[in-house]
Amino acid sequence: MRSGFYVIASLFLLALVWQAVSYLVGADVLPGPIASILAVEQSNREGYLWSDIGITAYRVVGAFLMALVAALVIGALLGRSRLAERLFGPWVTIGASIPSLVVIVIVYLSVGVNDHAAMIGTALIVAPPMIFAVWDGIRAINPELQEMARAFAIPKFTILWRVILPQTTPFIFVAARTGLSLTWRLMIFVELLGRSSGVGYRIQYYYNLVDMKRVVAAALPFIALMLLFEFCVLRPLERRVFRWRRAEAK
Amino acid sequence: MTARLLFRNIGRTFQAGRETTVAVRGINLSFERGSFTAMVGRSGCGKSTLLHIAAGLDTEYEGSFAREPTTATLACLFQQPRLLVWQSARNNVAFVLEARGVAKREARRRADEMLDLVGLSAAADKFPAQLSGGMQQRVSLARALAVDPDLLLMDEPFSALDELTAARLREELVALCAQKERTVLFVTHNIQEACYLAERVVVLSAHPGTVVADVAVEVPRPRRMDDPRLVEFAAHVRSFIDRNARTGASEEAA
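Order-wise, the sequence lines are chains G and A. Under the numbering used here, think of the first position of the first sequence as 88, with each following residue one higher. Under the numbering used here, think of the first position of the second sequence as 3, with each following residue one higher.
FYI, nobody ran anything at the bench for these hints, they're computed from the structure. Just so you know, even glycine gets a beta-carbon here, dropped at the ideal spot from N, CA and C. Treat the hints with care, as some may be off.
To be verified - Label-pair restraints from in silico Cβ distances:
hint : chain 1 : residue 1 : chain 2 : residue 2 : range
1    : G       : G182      : A       : S45       : 44 to 50 Å
2    : A       : S161      : G       : F99       : 35 to 41 Å
3    : A       : T22       : G       : H203      : 52 to 58 Å
4    : G       : E128      : A       : A105      : 56 to 62 Å
As the list claims (entries may be wrong) - Computed far set for chain A versus chain G, every beta-carbon distance over 12 Å:
hint : residue
5    : N11
6    : F16
7    : R20
8    : G36
9    : A57
10   : G65
11   : R84
12   : W88
13   : E100
14   : D114
15   : K128
16   : D157
17   : H191
18   : A215
Stated by the list, open to error - Just some of the chain A residues that point at chain G, by a computed CB distance under 8 Å:
hint : residue
19   : L59
20   : Y63
21   : A77
22   : C78
23   : Q82
24   : V87
25   : F97
26   : V98
27   : V149
28   : F242
Construct all of the structure, not just a fragment, from the sequences and the given hints.
This is the structure:
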């Protein structure tokens, strides 16, 4: 109940700041919150609101899943094998330092200017930080617990599933959370560069028309969607999975 | 059926880079069914190495080791509780039972029984982080007893606890071991503790670990830590370690 009050208060203050900044820089550059929400309603009437969100969400989820699978496989490999760590560890660092634009352009040119390229390009950029997180998680595995389990003659598969994997979940969670928000922010650029649909395309289109109300209105629903996901799915899930950690704070 | 352990001419060397360390050499020991033996010695005397071999965690040794019967159930207690921190006390105990094919509900019921036995029935739903070090070690003890082991291996289980908690847990261990016959091997560097708990004390020398004394503790139970006979006996055991340390030092000087 109380936390609900603070959420509303926080959002209200943010709207006030937004309105103030809009006032300072001019409503034609940054439209205020009410004007923006009205613009969202207008795009809804014109019928492209939901299709934009749908197509961008499809690409974000696709790219995110690719990056997640890559991070789990590569992160596990780097964490388990000393040889792999020495040979390929530096590649991840190099990959993380390549400018996003270069990756996107090369993937568009080699794969073709289509949805697959958009997903692959985004996944390639998002994967390195996620790999780092998973890699850390594998390194954080406590060998003493495995030893304990082996001493109790616990089957190998059970050790993997109930002793080793649970130790890495906090890190996989971090990887997934940072990965998802990075994917979404990046996808807008990728769409802007080479797709003729989706939120990124819509932003570029209205930017060229200097219709800033519609630019903000294009981004707003997706931001809301991401927040909804954060508060209604991620946070409750996190609270459930990491109950044992909150206990620590007491 | 309780277990019997046989170490015949056991040696173990560790390789770290180019350096070779001989942890133990020429160990001949047998631990009879239902015996409670303590192994004492300075750090580096290879007592944990022997325990690892007994637990089947280390197989890179020379010589021969046998656990009879080979099907004997064994349980371990370590210096650190080694609990699954994301599981409640009850689930930590139930886990080892479930992994052996006990049905979930039955495993939980038995876990509760075991926690009750070690005086933790009120803490069954707590996570390890909510428990004190002594309570965590008790959960670990409940976990070890839950599998009803024929062989109980303990590696300095009380050395990380404060003395008052350790003393209470020692008493409880003696009581729990008296309830059912099982073979116990207890590793410690605390001579007093070894003499209080065990009926036989094996003294190991360091670098490399060899047996320098193997003595029976002939003090009747129930014992008290401050019993003069026990204190005297502990001094006797200590003399083996000191004697060995002196010859070791003179060898190094030469």
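Hint check results:
The beta-carbon spacing between G182(G) and S45(A), approximately 45 Å, falls within the hinted interval of 44 to 50 Å. Checked against the hint of 35 to 41 Å, the pair S161(A) and F99(G) fails, with Cβ atoms roughly 57 Å apart. Our hint of 52 to 58 Å for T22(A) and H203(G) holds, since their Cβ atoms are close to 56 Å apart. Range check, E128(G) to A105(A): about 57 Å between beta-carbon atoms, so the 56 to 62 Å window is met.
Interface exclusion of N11(A) from chain G stands, the closest Cβ pair being 24 Å apart, more than 12 Å. No Cβ of chain G approaches the Cβ of F16(A) within 12 Å, the least distance being about 16 Å, so the stated non-interface status holds. Distance check on R20(A): its Cβ is at least 18 Å (rounded) from any Cβ of chain G, clearing the 12 Å threshold; non-interface status holds. With a least CB separation of 21 Å from chain G, G36(A) remains clear of the 12 Å interface cut-off, as annotated.
At roughly 5 Å, the least C-beta separation between A57(A) and chain G is not larger than 12 Å, which violates its mark as non-interface. Every C-beta of chain G lies more than 12 Å from that of G65(A), the closest at about 21 Å, which supports listing it as non-interface. With a closest Cβ-Cβ approach of about 4 Å to chain G, R84(A) is found to fall inside the 12 Å limit, against its non-interface label. For W88(A), the shortest C-beta to C-beta distance to chain G comes to about 5 Å, within the 12 Å cut-off, and the non-interface label is violated.
Not every C-beta of chain G lies more than 12 Å from that of E100(A), the closest at about 8 Å, which undercuts listing it as non-interface. Look at D114(A): its CB is around 19 Å from the nearest CB on chain G, clear of 12 Å, so calling it non-interface holds up. Its closest Cβ contact with chain G, about 7 Å, brings K128(A) to no more than 12 Å, contrary to its assignment away from the interface. A Cβ of chain G approaches the Cβ of D157(A) within 12 Å, the least distance being about 10 Å, so the stated non-interface status is violated.
A cut-off of 12 Å between C-beta atoms confirms that H191(A) is not in contact with chain G; the least separation is 19 Å. For A215(A), the requirement that its beta carbon stay farther than 12 Å from each beta carbon of chain G is met, with the minimum near 28 Å. A distance limit of 8 Å between C-beta atoms decides the matter here; for L59(A) the minimum to chain G is near 6 Å, and the interface restraint holds. At its closest, the beta carbon of Y63(A) sits 16 Å from a beta carbon of chain G; the interface hint therefore is violated under the 8 Å criterion.
Evaluation of the A77(A) hint against chain G yields a held restraint, the C-beta minimum of about 6 Å falling below 8 Å. Proximity of C78(A) to chain G holds as hinted, the smallest CB-CB distance being about 4 Å (cut-off 8 Å). The interface hint given for Q82(A) holds, since its Cβ lies 7 Å from the closest Cβ of chain G, which is under the 8 Å cut-off. Against a cut-off of 8 Å between C-beta atoms, the interface hint on V87(A) holds, since the closest Cβ of chain G lies about 6 Å away.
Checking F97(A) against chain G by beta carbon gives a least distance of about 7 Å; that is within 8 Å, so the hint holds. Annotation: V98(A) was flagged as interfacial toward chain G, and the flag holds, the nearest CB pair being 5 Å apart, inside 8 Å. The beta carbon of V149(A) comes within 7 Å of a beta carbon in chain G, closer than 8 Å, and the hint placing it at the interface holds. The interface hint given for F242(A) is violated, since its Cβ lies 29 Å from the closest Cβ of chain G, which is over the 8 Å cut-off.
Against the hints set out earlier in the document, violations occur for numbers 2, 9, 11, 12, 13, 15, 16, 20 and 28.
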